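Engineer: Assemble the complex: chain A is given as a structure, and chain B must be docked to it using the hints.
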Amino acid sequence: MSSGLSGLLAFQRALDTTSHNIANASTEGYVRQRVELGTRPASQYSNGWIGNGVDVTTVRRQVDDFLVAQSRSSGSTIGRLDTFAAQAERVSKLFVDGPAGLSGSLQKLQNAIQGVATEPTSIAARQVLLGEADGVSARLAYIDGQLRDLDTATAAQVGSATGQINALASGIARLNKEITAGIGSSGQPPNDLLDERDRLIDQLSGKIGVSVVPQNGGILNVFVGRGQALVLNERASVLGTTTDPYDGSATRISLTGSQGALDITSSVSGGALGGLLDFRSQVLEPARSDLGRLAAGLAEAVNSQHREGVDLKGALGGDLLSIGGAASTPRGTNAGSALLAVTRTAASGLTGSDYELEFTGAAWSMKRLDTGAAVTLAGTGTVADPLRADGISMVVSGTPVTGDRVLVRPTREAIAGFGVLVSDPSRIAAAAPIVASAAAANSGNATITKGEVLDPANVQLRSNVALQFLTPTTYSVNGAGSFAYTSGQPIDLNGWRASITGTPAVGDRFTVADGSTATGDNRNMLAMADAIVAQRLDGGISSVPTALGRLTSDIGVVTQQAQVNRDAQQILQDDAVAQRQNFSGVNLDEEAANLLKYQQAYQAAAQMIRIANEMFQTLLDAAR
Amino acid sequence: MRVSTLSMQQGGVANMLRSQSELARTQSQIATGKRVVTAADDPGGAVQIQQVERALAANQQYAANSAVLSSRLSLEEQALADAGNLIGRVQELTLQANNGAVDLGSRRAIAVEVRSRAEELLAIANRQDAGGDYVFAGTRAAAKPFGRNGASVAYAGDAGTRLVPVSTSQRIEDGHSGDDVFMNVPGGTGSFRATAATTNTGTGILDPGSMTNLAAWVPGNYTVQFDTASSYQVLDASNAVIAAGPHVSGGSITVFGAQIAISGAPATGDQFTIAPGGFRDVFATLDSLVSALESSPGTAAARAQLASNLNGIIQQFSQTSDHLLNVRADVGSRLSRLDSVTATREDLDLQLNTTLSTLRDVDYATAITKMNAQMVSLQAAQQSYTRIAGLSLFDYL
Chain A
1 MSSGLSGLLA FQRALDTTSH NIANASTEGY VRQRVELGTR PASQYSNGWI
51 GNGVDVTTVR RQVDDFLVAQ SRSSGSTIGR LDTFAAQAER VSKLFVDGPA
101 GLSGSLQKLQ NAIQGVATEP TSIAARQVLL GEADGVSARL AYIDGQLRDL
151 DTATAAQVGS ATGQINALAS GIARLNKEIT AGIGSSGQPP NDLLDERDRL
201 IDQLSGKIGV SVVPQNGGIL NVFVGRGQAL VLNERASVLG TTTDPYDGSA
251 TRISLTGSQG ALDITSSVSG GALGGLLDFR SQVLEPARSD LGRLAAGLAE
301 AVNSQHREGV DLKGALGGDL LSIGGAASTP RGTNAGSALL AVTRTAASGL
351 TGSDYELEFT GAAWSMKRLD TGAAVTLAGT GTVADPLRAD GISMVVSGTP
401 VTGDRVLVRP TREAIAGFGV LVSDPSRIAA AAPIVASAAA ANSGNATITK
451 GEVLDPANVQ LRSNVALQFL TPTTYSVNGA GSFAYTSGQP IDLNGWRASI
501 TGTPAVGDRF TVADGSTATG DNRNMLAMAD AIVAQRLDGG ISSVPTALGR
551 LTSDIGVVTQ QAQVNRDAQQ ILQDDAVAQR QNFSGVNLDE EAANLLKYQQ
601 AYQAAAQMIR IANEMFQTLL DAAR
Chain B
1 MRVSTLSMQQ GGVANMLRSQ SELARTQSQI ATGKRVVTAA DDPGGAVQIQ
51 QVERALAANQ QYAANSAVLS SRLSLEEQAL ADAGNLIGRV QELTLQANNG
101 AVDLGSRRAI AVEVRSRAEE LLAIANRQDA GGDYVFAGTR AAAKPFGRNG
151 ASVAYAGDAG TRLVPVSTSQ RIEDGHSGDD VFMNVPGGTG SFRATAATTN
201 TGTGILDPGS MTNLAAWVPG NYTVQFDTAS SYQVLDASNA VIAAGPHVSG
251 GSITVFGAQI AISGAPATGD QFTIAPGGFR DVFATLDSLV SALESSPGTA
301 AARAQLASNL NGIIQQFSQT SDHLLNVRAD VGSRLSRLDS VTATREDLDL
351 QLNTTLSTLR DVDYATAITK MNAQMVSLQA AQQSYTRIAG LSLFDYL
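Protein chains in written order, with our numbering: chain A, 1 to 624; chain B, 1 to 397.
Pulled out of the complex, with its shape left as it was, chain A reads as follows:
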C-alpha cells in the first residue's frame, strides 16, 4: 500500500517536472530537469528484504559544465569580434568612396596644380587650385571628424558596456547569495535560480572575457582580465571608466573591489568591451595618426615648393597650407615640471606612432608606443641642440624629475589645423623667382639651364647676376673674379643653382635675372606637381598617394580579417550553443514520451492502491 502511494507521489512529481519542461521548452537558457528516482530502503524480514517503494531523490538539471564553458568562451570571442568588425567596417567605409574620397581629392588637387601650370595667368585655373586644396582639407577634416566621432562613440559604448557589466555582476552576486540560502535550507539545488545565474554569466561573457570558478556551497566566482575578481562570493566589484593620466580624454577601465581601484585596461580581453578597446588601439588611433602623417607630408611637399616660387604680384610665395602642430602632454602624476616643445622637422622620418619619453635621471629615453621599441635620441634637449628622433625635434623646458614621463603625439592633431592659407588666387606662386638666359650675341654653343631655387630665404636670390666668360674655361661674376668653368657643373650662387653646358666663346654672357615679372612662367607649379607625388614619406620610399594606399589597405586588411574571423567564430559559436542546447534543452517529443511513461506508471501505481484496497476488502469479507 505504501509502495503504491510512494509511486503515486513520485510519478506525480515526475509529471510535474515534465510539464515544467514542456512549459519552458522555449525559454532561453532553461535547462531541462529530470526527476531522479531511488528505491526506498527495504524492510528486512526473516524471509528476506521487502521493498518499500520509490522516492524522489532530487530534481536534477541536465547540464554539462564543459559545454557551458565552451559556449561562454566562444561567446566572449564572438562578442569581441562582432564589435571590432562592426566598428572597423565604419572606418573602412571612410577610405574607399570613389572620386569623392581622399584619394580622389588628392588627384583633383594634383590636376588643379597642372591646370595652373598649363595656364599660369588664368585666375580661373588658380581659383580651381584653391578650391581643390580646400576640397582636400575638407575631406581630411571629414575623415578626421568621423574618426573623432567614432572615438567619442566608442568611449560612450565603453561606458555603457561597463554599466551593463556592473548590473550583471551585481545580479550574479545576488543570485550567489540566494542560491546558497536555497541550498542551505533543503540541501536541494534551486534549479531555476541556477538557470538564471547561468543566463547572467552568459550575457556577461558576451560583454567581457570571464573565467568562472565554482566554490563550495553552489557559489560561482567570476574573474576578468588576469584574474581580477569581478564577483567573489556574494560581493561584486565595480567596473568603471577612468581618465587617462596623459590627456584626460581616453577612457581607461578600472575595477574597484575591496582592494581599491585597479587599472585593468591592458588586461581586458574578449567580449564587446575587449572589442571596443582593441578597435580603439588597433584601428582608430593608428588611423588618425597615420592620416595626420599623410597630411604633414602633403603640407611639407606643397609648402616647401610654394615658398620657392613667386606669385602674380612678384612676391615670394609663403606657405600655402596650414597644419596642426605636434602634441606633447606630461603625465599628470609627474613630480617635475618638464614640458616638451615638439616640432616636426622632416615628414620622411615620421612613423605615425605615438611616443613616450621618460626621464632616467641623466637623460631622456624614448619608446614607440605601437611596437614598444626603444628609439635612439640625438641631442640634449636645449634650443641649440634639441632632442631629435623619427622626424621630430623636442626642446625641454622646466625641470624633470627621474621617472617623469611625457607622451608625444607627432601627427595625431595635425589634421585639426589643416587648412588653406591663401585666399587670393593671384597669391599662388606659380612662377620661379629667377630666369637664367644666354645672351643672343653669344658665339659659343654653351647653354644654361633655367635655374632652380635652393634657398628661397636668400636675400640676394633675385639680384641680377651676369656670368661672362673670360676664357673658355673661366668666367667672371658681375665683372669680378675669375671662376673655373666645367661643362655641366652646377653653379650655386645667391640661393639658386644653374648649370652651363657646352663650349662658351670668350665674351659670352649668361644672365640670371629676377623673374618676378614673368607672370606666364609655370616652373614652380610643375615642380609642385612633381613634389606631391615625390617619395618623401617613410624615409623616402613612399609618396603621399602611396602612403594613403597603404593606409587604405591596412584598414581593409584589418577589417577583412575581423569579418572573416567573426564569420568563422559565428559558426563555432552556433555550434557550441547548439551542442549545449542539444544537451540541456527540452525536446518536446521526448517529453511527450515521458508524459506517456509517467502517466502509465501513475495509473499502475493507482491500480496498486485499488488492488490493495480490494485485498483489504477480501480480508474484511472473509472475517465477516
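Calculated from the structure, these hints are not laboratory results. Because the structure is a prediction, the values reported are computed rather than measured. Glycine included, each C-beta is placed from N, C-alpha and C at the ideal position. Hints are supplied without guarantee of correctness; some may be wrong.
What the hints assert, rightly or not - Below, simulated EDC-like cross-link-like pairs (lysine to aspartate or glutamate); rule was C-alpha separation at most 16 Å, straight line:
#1 A:Lys-313 x A:Asp-514
#2 A:Lys-177 x A:Asp-192
#3 A:Lys-93 x B:Asp-41
#4 B:Lys-144 x B:Asp-129
#5 B:Lys-370 x B:Glu-22
#6 A:Lys-450 x B:Glu-173
#7 A:Lys-367 x A:Glu-356
#8 A:Lys-177 x A:Glu-196
#9 A:Lys-93 x B:Asp-42
What the hints assert, rightly or not - Partial chain A-side listing against chain B, Cβ under 7 Å, derived:
#10 His-20
#11 Asn-24
#12 Gln-44
#13 Ser-92
Structural biologist: Below, chain B alone, put in the same frame as chain A:
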C-alpha cells in the same frame, strides 16, 4: 545525437538568416554593379582601384592640358604662317623695287605698302590668345612684347617658355619666345653677312652670295678692297692680305668658303666687308627697306649702293622666311608629338577602364549564378524547416 526542440528551431532560423544575408549581399552587388564597396571587401583590390581611378583622373587633366597646348600651338602656327606670308609679299615687293627701271615715285609707293606691312607684322607679333596672354612674350605674358622704341622695335618679353604636362612622363613646350622668332633671325647667309661700304665711289654692285663650304669658314671680319679698279685684295681683321685677284665683273670672290660676287666697275679704294652673320631683327630689316626705298640716289655710285643694299635685304628676307619655316616646323613637330601622346593616352584610358571594371565591377554571369544557387538553398531551408517543425508526437496523443 539528442536534439532539443529549441535548438532545432533556432538552428533552422539561423540557417535561413545566413542564407538571406548572403543573398542580400549578392543582390546588392548585382544592383550596384560593384564588387568592392569598402576596403574590407578586397583590400588589395581597393588600393589598385584607387590607383587606377587616380590615373584616370590624371588622364582627364592631361587631356585638358593637351587641348590648351594644342590651341596655343595652333595659334602660334597661324601667327607664323601669317608672318611668313607677309614676308613673302614684302620680298616680292623688294624684288620689284630692285630694278633700275623703277623710278622714285614707284619706289615710294612700294615703301608705303612696306611700311603698313611692317605695322601688320608688329600686330602679328603682339597677338594675344583668348585669355589675353601675348603669344610671343615668353613667360612675361602680361606685358606687350613688341613696341617701337624710337626708331627701332624693342622686345619687352623674356626668353622663357612654358612646359605643359601632357602625360606622366612628357612635357611639351607651348610656344617660342618673341625674341627667338622675330628678333634673333640669323643675319646674311646665316654664317656671314656681306655689305658694301657707304663710302664706295664706284658702281660695283654686291651680290651678298652664299656659303659654299661651311667647314672651311673661319668666323671673322674680312674686307675685300680694290687696290686698283681691276684687282682686289682680301684683308683680315689685322689688315693682313690673305688673298688677292683680278676683278671680273660678276665673278665670284671666295673667302674661307664665303662666296660673294661684285658686278659693275668698283673704283680704287672701294670696300666690301664680310662679317659673321650675327642676328638681325625682322623689324629692323623692314625699316631698312623702307629707308632704302625712300632714298633718292642721284649718282651712279648711289644707285649701285641702293642695288647692293636691296640685294642684301632680299637675302635677309629669304633668311627670315627660312627662319619662320624652321620655327613652324618645330611647332608642327610638337603638334604631331602631341597627337601621338593623345593617341597613347586614349589607349591607356581604355585599358585603365577595363582594369577598373575587372577590379571593381561585378561579373554578372557569376553573380547571377551565385544568386540562383543561394535562392535554391534558401528555399530548401524554408521548405525543410516548415516540414520538420510541423512534426510533433503530441499530434498523436
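Engineer: A separate judgement is required for each hint: does it hold in the structure or not?
Structural biologist: Evaluated hints:
For the given pair, Lys-313 of chain A sits about 13 Å from Asp-514 of chain A by alpha-carbon distance, which is consistent with the 16 Å threshold. Proximity of Lys-177 of chain A to Asp-192 of chain A is assessed by CA-CA distance (about 14 Å); at most 16 Å being required, the pair is judged to hold. The suggested pairing of Lys-93 of chain A with Asp-41 of chain B holds, with an alpha-carbon distance near 10 Å, which does not exceed 16 Å. With a C-alpha separation of about 12 Å, the suggested pairing of Lys-144 of chain B with Asp-129 of chain B holds against the 16 Å cut-off.
In summary, the hint linking Lys-370 of chain B to Glu-22 of chain B is supported, as the alpha carbons are separated by about 10 Å, within the 16 Å threshold. Between the alpha carbons of Lys-450 of chain A and Glu-173 of chain B the distance comes to roughly 13 Å, so the proposed pair stays at or under 16 Å and holds. Straight-line distance between C-alpha atoms of Lys-367 of chain A and Glu-356 of chain A comes to about 5 Å, which keeps the hinted pair within the 16 Å bound. In summary, the hint linking Lys-177 of chain A to Glu-196 of chain A is supported, as the alpha carbons are separated by about 13 Å, within the 16 Å threshold.
A C-alpha spacing of about 12 Å is found between Lys-93 of chain A and Asp-42 of chain B, which places the hinted pair at or below 16 Å, so the restraint holds. Look at His-20 of chain A: its Cβ only gets to about 15 Å from chain B, farther than 7 Å, so that hint breaks. With a least beta-carbon distance of about 9 Å to chain B, the hint placing Asn-24 of chain A at the interface is violated under the 7 Å criterion. For Gln-44 of chain A, the shortest C-beta to C-beta distance to chain B is roughly 41 Å, which exceeds 7 Å, and the interface hint is violated.
Evaluation of the Ser-92 of chain A hint against chain B yields a held restraint, the C-beta minimum of about 4 Å falling below 7 Å.
Violation of the numbered hints given earlier is confined to hints 10, 11, 12; the remaining hints are satisfied by the structure.
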